[in-house]
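Based on the hints, put chains B and C in the right spot on chain A.
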Amino acid sequence: MNAVIRRIARESRDFTALVIQAYVLLFRLRMRRAVVVRQAFELGNRSVVFIATTMSFIGLIMVLQSGYQAGRLIGDYSLLGPGYIQLLVREFAPTIGAMMLATRIGAGIAAELGSMTVTEQIDALRLCGAEPVEELVVPRLAACLVMVPALIILAGLFAEIAGMFAARLVFNVPFATFFELRLLTSGDVIVGAVKAMLFGAVIPLVSAFAGLSATRGSEGVGQATTRAVIHTSISIIFLDFAVNVLLYPVYAR
Amino acid sequence: MIEFRGLSKRFGDRPPVLEDIDLQIPTGSVQFVIGPSGAGKSVLMKHVVGLVRADSGRVLVDGEDVTDYGEKALFKVREKVGFVFQQATLLDGLDVLDNVALAIAKRFHVKRKVARERAMTELERMHLQPFAHRFPADLGAGVKKRAAIARAIALDPRYLVYDEPTTGLDPIAARRVDRLIGELKGRGVTQIVVSHDLASILGVADRIAMLHKARVHIEGTPDALRASADPVIRQFLSGSPVGPM
Amino acid sequence: MSGIRGIVAAVGRTALQFAADLGGLAILFLRVLRTIPRLDIYELIRAAERFGWQSAPIIGLTAFFTGGIMVMQSLPYVEQLQAMRLLPWAASFATLREVGPVLIGLMFSGRVGSNNTAELGTMVVTEQVDALRLLAIDPYDLLIAPRFVAMVAMMVCLTIVGDAGAVIGAMVTARAMAGMEMFQFIQLMREQIHLADLASGLVKSGFFGAGIAVVSCYYGLATSGGAVGVGRAVNASVVASAVSIVVIDFAVTAVMGG
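Residue numbers (the working numbering), protein chains in the order written: chain A, 1 to 253; chain B, 1 to 245; chain C, 1 to 258.
So here's chain A without its partners, still in its complex pose:
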């Protein structure tokens, strides 16, 4: 038990060091534009289809579920659309979108950096005088800070469109009735934005840390990828909870 606590303490300390180092370099704008752009493409553009698919299905599911209940309990679907988009913006698009991106982007970063670690490319980098955090982590952080929120907006869009179609085809709710912004407040948008930006930082940092701490042997990279997905996911849930608590007055009017 003692050993577990000491290991957690050590990892937390190392992780915090990584975060601080990454942000310091970020604010000093110490990065190569070309690398950041390539990372943005790899992590962002390549995830569009994935996000489009998963979030469309999620949208269909959520509207179907809410619709069935609304029909059964109230018999009135007029609140379906407004309520749905509100929850989407401030909760489900950021959170579920980020959880999805944790698997796609997070596992990808961890697998890539993990492979480099076990094949000793990281050590080789250091010997050439380059600093791994600056070369590898900061560009991915910068790219994700832009791409993840963008993808989350896209996620919301796809979920909304899918929801509109579900409402129309299954419950006969016209598009115009469903796409109703009257319940949506600026508070909702602020909360959604804060979450998106937070998650945009968490995903690359936690995954890069997992990748860079991969152990040797044939299992090392696989385990690093697992750690990345799990730690990122739990961080997202926890941060979501925390933001909901702290910003409750903002969106509860």
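A hint or two may mislead.
[As the list claims (entries may be wrong)] Across the chosen pairs, the derived CB separations fall in these ranges:
hint : chain 1 : residue 1 : chain 2 : residue 2 : range
1    : C       : D21       : A       : R33       : 49 to 59 Å
2    : C       : R5        : A       : R33       : 26 to 36 Å
3    : A       : E131      : C       : R85       : 39 to 49 Å
4    : B       : E79       : C       : I36       : 36 to 46 Å
5    : C       : P37       : A       : I74       : 44 to 54 Å
6    : A       : R33       : C       : M182      : 16 to 26 Å
7    : C       : R46       : B       : R175      : 33 to 43 Å
[Stated by the list, open to error] Stretch-level coverage of chain C by chain A, calculated; a stretch enters the list once three of its residues show a Cβ under 8 Å from a Cβ in chain A:
hint : segment
8    : 71 to 77
9    : 107 to 121
10   : 126 to 137
11   : 150 to 163
12   : 231 to 237
13   : 240 to 253
Since the hints were derived computationally from the structure, they do not count as laboratory data. These numbers were taken from a predicted model, which means no experiment stands behind them. Ideal placement from N, C-alpha and C gives every residue a C-beta, glycine not left out.
Quick look at chains B and C alone, frame taken from chain A:
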């Protein structure tokens, strides 16, 4: 007897690994298959158990043509022919005893408990019982290799194929494996050893087949090999980088 | 012109790969079903234990926070409609039926599914799977079918645990943010939540478990290329698992009619 008739194999567009191989391995003998790295020795032996399929030619085990056998039919062949991989390949998730016991349980359809007892007997015979409850990840290459051999022997095979059994072992461990091969010969097991360990080759073999440029370059007794004036064989035996290879 | 051809080729390649994967998954699934009658019970129990203990803490934690989140999202509506009585129902209903199974599925996939792919992948690249075949042991008997059944069973069990955790999280948050006493929360829940709500969530979890099992085993067995290859396989596995969870969820929801 294991027989190869006109066996040929190539992978993709690369030059053939094996070309028109004719080889007979008599029952009860210890046959070594030698040659430089990449000469196709392992590939040839994997044909016997169906891990690799021939492009042309036949493979016969005890007179039975197994060349085109499917997985189901190969099960019967694999019961007769044991195979010890180069990497020992014990299951990482089980300790040494369970590794051997699992093989026994599945082959002879006995309960785990009975299988464990038999496995322990086998391990004791090979002086491996101190390692019975250790896991492969914690063991040295020599112990793992011997454990893999124990697993193969426990299944009472008629033939046993070793893929480079002494590669990566220190000389003492290597000689232990050689002694084991001698003991098994006494028990009537036909053994085929793929190797480039000269000490093993000259010490234990009844017959030696050398593969070179995808063909059988020579086949004969160790004495015949030692006495040969062939430049390829001379280079291999002397270990010199200079020569036709 | 070559730009367009390049795009078409890329799309075509992706489509073919997708179709190949889909076919492979279907074949694996059918083979598992055929193997279930003769699977290795010993391995089944071992796998179930491992999967359960591996993921129980993380799922409990996730569920706790999820319960709290759902309360905080429902609270504004409930307060505005002045229907505080409905808070337990509003928070728990979606959790038990939908959000719980999905998040637990994602966590399970991330923890157990990816571990499974890593383990199987490592076994493939170190020739352990070949060794099994040579010992006349069918890898499906020993490895795949037991893990499949274990994952389905564990997903259902863990969802029960998760549901409990979510309710606790919801109660605590309701007390903290809305001053609703815990016994009151439970009372209202018992009135308004039915067994059918819990059951439908569990059925979904079972299907998620099957999907995660098939996907993780498929990518594990298809691994090639050493340690790096294993990492690639795990990556592909978690992404495909996430997609499969969502697709299966939609199918089950549509069929069950909410």
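Of the hints given before, which are not true for this structure?
1, 3, 4, 6, 10, 11
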